[in-house]
Structures are given as C-alpha cells and as structure tokens.
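Colleague: Listed here are the chains, written in short residue letters.
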Amino acid sequence: MNSNFILNLIRFIVLLTIQIVVLEQVKFGGWINPYLYILFIILYPINSNKSGFIAASFCLGLIMDLFCDSGGVHATACLLLAYFRPGFLKFAFGLSYEYQTIRIADKLSVDRFTFIMSAILFHHLVLFSLELYRFDLFFEVITRTILSTLFTFIICIISIYLIKPNKR
Amino acid sequence: MQQIINFLIKNSYKLLFLLLLGVSLTLTVKSHSYHRSQYINSSNAVSGYTYNQISSVKDYFGLRQKNDDLARENARLKEILFNKKDTILEGKIVVPDILSNFVVRRAKVIKNSYSKQENFLTLDRGTFEGLKSDMGVISDRGVVGIIEKTSKNFATVISILHTKNSLNGKIKNSDHFGSITWDGKNAGYVQLIDVPKLATLKKGDTIVTGAQSAIFPENIPIGKIDKIFEEKATNKFVINVRLFNDMTSLGYVYVIENKKKKEQQTLETETEKDPTKK
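Heads up: the sequence lines are chains P and U, in that order. The end of the first sequence is residue 169 by this note's numbering, with every number in the run present. The end of the second sequence is residue 1180 by this note's numbering, with every number in the run present.
It is possible that some hints are incorrect.
Simulated crosslink set (BS3-like; lysine-lysine; CA at most 27 Å straight-line) [what the hints assert, rightly or not]:
#1 U/K1126 with U/K1099
#2 P/K28 with U/K1066
#3 U/K968 with P/K28
#4 U/K1074 with U/K1105
#5 P/K91 with U/K1134
#6 U/K1066 with U/K1034
#7 U/K1010 with U/K1162
#8 U/K1126 with U/K1087
#9 U/K980 with U/K1066
#10 U/K1010 with U/K1126
#11 U/K1105 with U/K1066
#12 P/K28 with U/K1105
#13 U/K1175 with U/K1163
#14 U/K1105 with U/K1087
#15 U/K968 with U/K1126
#16 P/K28 with U/K960
#17 U/K916 with P/K91
#18 U/K1054 with U/K1099
#19 U/K1164 with U/K1034
#20 U/K1105 with U/K960
#21 P/K51 with U/K916
#22 U/K1074 with U/K1054
#23 U/K932 with U/K1066
#24 U/K1010 with U/K1099
#25 P/K28 with U/K1010
#26 U/K980 with U/K968
#27 P/K51 with U/K912
Reference listing, derived: stretches of chain P covered by chain U, where coverage requires no fewer than 3 residues with Cβ under 8 Å from a Cβ of chain U [said to hold, decoys possible]:
#28 5-17
#29 22-28
#30 43-56
#31 72-83
#32 113-122
FYI, nobody ran anything at the bench for these hints, they're computed from the structure. Glycine is no exception: its CB is placed at the ideal position from the N, C-alpha and C atoms.
Isolated chain P, as found in the complex:
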C-alpha cells in the first residue's frame, strides 16, 4: 500500500513535469498537442480508495490549468475521466474486471488498447469542447479530438513500453 502510494506520487510528478516542460512545447502542425499526463489516471491502481483517486486526478488537472492558463478545463476533464473510469474498464474488460486484479500496464492486449483508447478519447472530447466552448466550432472540436487522441495514444503506448519492458 505504502509503496503503491509512493509509486503513484512519483508518477504524478514525473508525468506532469514531462507534460509541462517537454510536451507543451511540442505542437504538431501548429496545434496538435499530446497530453501524456492522463496516463496517471489510466494507470492508477484499480482497487484503491476511490475518493483519493478522484481528488488526485482533480489536482493533476488543476496544476495543468495553472500552467496552461486554461481556467478549469483540464481539471474538469480529468475529474470526469477519473469518475467514469470504472465504466470504461467495464466496457473494455467485461463485467468481471473488479474481481480480477488487472494491471493495466502489464501486457498490452486488445482489451487494454480499447480501454486506453476510449479513456483518451473521452478525456480529449471533454477537454476540447470546454476549451473551445462554442457550438459553431463543433467540427473543430471533433477534428482536434481525433488528431490529438491519436498522438496521445501513440505516446502513451510508447511510454508504457518504456517504463515496463516485457517481463514475460
């Protein structure tokens, strides 16, 4: 439990640092920005304290907002993703996910791809609709969501592989 907490704390800090120092400076094609930091929410242990989880996710988003001058956009997106994560787990792994001890980062199977992809898509959709905040820019929201999702997804998968080299 204790080591788990420390691991997550380190992950929190490292991901935020990478996001702010490196990825915020990267802008593919002018405005496509990968948001690696939500990997924290995706990889958070499943059987842990739920309230602590959403509070941590909220803080994560709030710190991003602080650095990006974006009001509460990231905080809202992160909070919603954290709150609805059980739903996405159920969607990707089937009903019985709670009884198995799934480690999302272990081996990348189709289930895990589905889960990571749907989580990123949801987060980005919320993020961009709140950020653009206008109905007449609906298609802009959709294009940004899809393109950014692809980049975030690729970078997430690469970093999962880098952190956890194949054990088996």
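For chain P, the structure is supplied; the task is to place chain U on it using the hints.
Modeller: Chain U in isolation, oriented as in the chain P frame:
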C-alpha cells in the same frame, strides 16, 4: 441527525465528486468570461519560475534568429535616425511623436500560446519593473496584446489572438476606424470589423492602431489587408488582416505605458455620465 451523518458518509464519494466538479466547472465558465481566471493563471511564482527556466533553455535554439532580428531592428532605427521621416517602411513601427506620453519597457515572452480560442502569454517582468494591467505589448513588428494580470515578477498578456479581445484599429493614412477581433481560426490573421462602407480601401493596405485607444500609441502597425468582405445586414466592411507579427514565435517584446491614460479615461467617463448632455 444520525441519518444525515450516515447519508453523508455513505455518499461521500459522490458528494466529493460533485463538489470538485462544481469547482472545476465554475473555474471553466469564469475563464471564458472576459475578465477571466482570478485564481488559476500562470502569473504566479511557481509557474512563472518554471516557464522562465524552460525559456532560458529554449533561447539557445533561437540565438541566430534573435541576432538577425536585432540587427534588422538596429538597421531600421539607424535609418530613422539618419533620414528622419519619409523612409519609414511599411509594416515597421513609427516612433510616436508624442513620445513623452509613453514609457517603453523591454520584456521577454516566456510562455506563448496560439492554438486555443483564448490565448494568453506570460512575460518575465511584473510589478517590480513597473508593469501594470492594461498596458500595451508590442514587438518590433507590431501589436501583440494587452497586459491582463501582474504579479511581482511576472505578467500575463491577453494576446491579440483572443476571441474576446478587441482593439481599436484604423486604415493607415485615413481616419476610418474599426475594431480588431479574432475569429479563433487562423493564428496568422485577425479581423477588422465595423469599418464604414465609405472607407476606400484595397488589398495590401496597412492596418494600424487607431487614435481612440488609450492603451496603444497611434500608428503601431498590426497587419495588412488580405481580403475584404461586405456585410449586407449592417452595410459595413469586414476585413481579413494578415498580421505582420508571427504570433507563433515571439521573443523580446516592448511594454508601452501611457502616462496620460487615466486622465483621458476619467475625462471620457465624466463626459458620458454628464447629466446636462442631451
């Protein structure tokens, strides 16, 4: 009482969620109104420091470009110095002849943003160097934005690329003016709206800041006309303006303080409130 406490304990997770959601949505909605994020912005010490560090590393990659820019500006200033008027090239800053009104300070952009609807920049100077909110920010090529909030050592700037920002702009060498706004689409272009149909204009004309603004001196270049549309309903022009500035790469900028701004504004508000006015 017992039941209320039980209810609270049982639903603590949901209540926490709703509370946090309320907080974050409030911040979001607040940030979209014009006078935005009072609490969450990057002019605080921690993020200011971080961006300062990042920018000091990034600077090394742009030294050649910065040198070029400085040399060019030097050349231009020398040109003005040697020739006085006449040779001031299009798209360059005309030094305001009422210079004594304006104080110019140097600052550096340490955080830039241009891909959102509401873009803000962060500068590496703050109240300590005399920056205050509502001062104008320009670069060597044209208008950048207006200072929004300041802390001791940092300041945030509403970029000209902000959908709710609007400046007074006019067509150079004529006194037809309009408002500069941004439609949120392309970081290279802004729109000049509300220009009366009487104005004679053509593609390529230079757009500069107007005299109505209490923030900027007159005749600071903004961009040149790219496309002209006629708005049928209001009988006015809407003009697409190509910015002189490359807003995606900003380095050193100048902050302009208008010393007589307060006087002007007080007089204007007094006049508008004047009960004897018909």
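Colleague: For every hint, state whether the structure bears it out.
Modeller: Hints and how they fare:
Simply put, U/K1126 and U/K1099 have alpha-carbon atoms about 18 Å apart, close enough for the 27 Å limit, and the pair holds. Restraint check for P/K28 and U/K1066: the C-alpha separation of about 24 Å stays at or below 27 Å, so the hint holds. Taking the CA atoms of U/K968 and P/K28, the gap is about 21 Å. The hint holds against a cut of 27 Å. For the proposed pair U/K1074 and U/K1105, the alpha carbon gap of about 13 Å is at most 27 Å, so the pair holds.
Between P/K91 and U/K1134, the direct Cα distance comes to roughly 54 Å. Violation of the 27 Å bound is thereby established for this hinted pair. A C-alpha spacing of about 20 Å is found between U/K1066 and U/K1034, which places the hinted pair at or below 27 Å, so the restraint holds. With a CA separation close to 25 Å, the supplied pair U/K1010 and U/K1162 stays within the 27 Å bound. A hinted pair counts as satisfied when its Cα atoms are at most 27 Å apart, and U/K1126 with U/K1087 qualifies at roughly 18 Å.
Among the hinted pairs, U/K980 with U/K1066 is inconsistent with the structure: their alpha-carbon atoms are about 38 Å apart, more than 27 Å. With a C-alpha separation of about 25 Å, the suggested pair U/K1010 and U/K1126 falls inside the 27 Å cut-off, and the hint holds. Among the hinted pairs, U/K1105 with U/K1066 is consistent with the structure: their alpha-carbon atoms are about 26 Å apart, no more than 27 Å. For the proposed pair P/K28 and U/K1105, the alpha carbon gap of about 32 Å is over 27 Å, so the pair is violated.
Under the criterion of a C-alpha separation no larger than 27 Å, the hint pairing U/K1175 with U/K1163 is consistent with the structure, at around 18 Å. Annotation: proposed proximity of U/K1105 to U/K1087 holds, straight-line Cα distance about 21 Å (limit 27 Å). Restraint check: the Cα-Cα separation between U/K968 and U/K1126 comes to about 24 Å, which is no more than 27 Å; the hinted pair holds. The suggested pairing of P/K28 with U/K960 holds, with an alpha-carbon distance near 15 Å, which does not exceed 27 Å.
The hinted pair formed by U/K916 and P/K91 meets the criterion: a straight-line CA distance of about 19 Å does not exceed 27 Å. Between U/K1054 and U/K1099 the alpha-carbon distance is near 46 Å, which puts this suggested pair outside the 27 Å criterion. Of the pairs offered as hints, the one joining U/K1164 and U/K1034 holds, with about 13 Å between alpha carbons and a cut-off of 27 Å not exceeded. About 37 Å separates the Cα atoms of U/K1105 and U/K960, which puts this hinted pair outside 27 Å; it is violated.
A threshold of 27 Å between alpha carbons decides the hint, and for P/K51 with U/K916 the separation of about 10 Å falls inside it, so the pair holds. Taken as a hint, the U/K1074 and U/K1054 pair is broken in the structure, with Cα atoms around 37 Å apart against an allowance of 27 Å. In summary, the hint linking U/K932 to U/K1066 is supported, as the alpha carbons are separated by about 13 Å, within the 27 Å threshold. Taking the CA atoms of U/K1010 and U/K1099, the gap is near 40 Å; set against the 27 Å cutoff, the hint is violated.
A C-alpha spacing of about 21 Å is found between P/K28 and U/K1010, which places the hinted pair at or below 27 Å, so the restraint holds. Using a Cα cut-off of 27 Å, the hinted pair U/K980 and U/K968 holds, with the two alpha carbons roughly 18 Å apart. A threshold of 27 Å between alpha carbons decides the hint, and for P/K51 with U/K912 the separation of about 13 Å falls inside it, so the pair holds. Counting residues of the segment 5-17 of chain P whose beta carbon lies closer than 8 Å to any beta carbon of chain U gives 0, which falls below the threshold of three, so the coverage claim is violated.
Using a Cβ-Cβ cut-off of 8 Å, 3 residues of the segment 22-28 of chain P lie near chain U, which meets the minimum of three, so the contact claim holds. Check result for the segment 43-56 of chain P against chain U: holds, 4 residues qualifying (beta carbon to beta carbon below 8 Å, three or more required). Restraint check on the segment 72-83 of chain P versus chain U: 7 residues with Cβ-Cβ distances below 8 Å, three needed, restraint holds. Coverage of the segment 113-122 of chain P by chain U is violated in this model, with 0 residues showing a Cβ closer than 8 Å to a Cβ of that chain against a need of three.
Violation of the numbered hints given earlier is confined to hints 5, 9, 12, 18, 20, 22, 24, 28 and 32; the remaining hints are satisfied by the structure.
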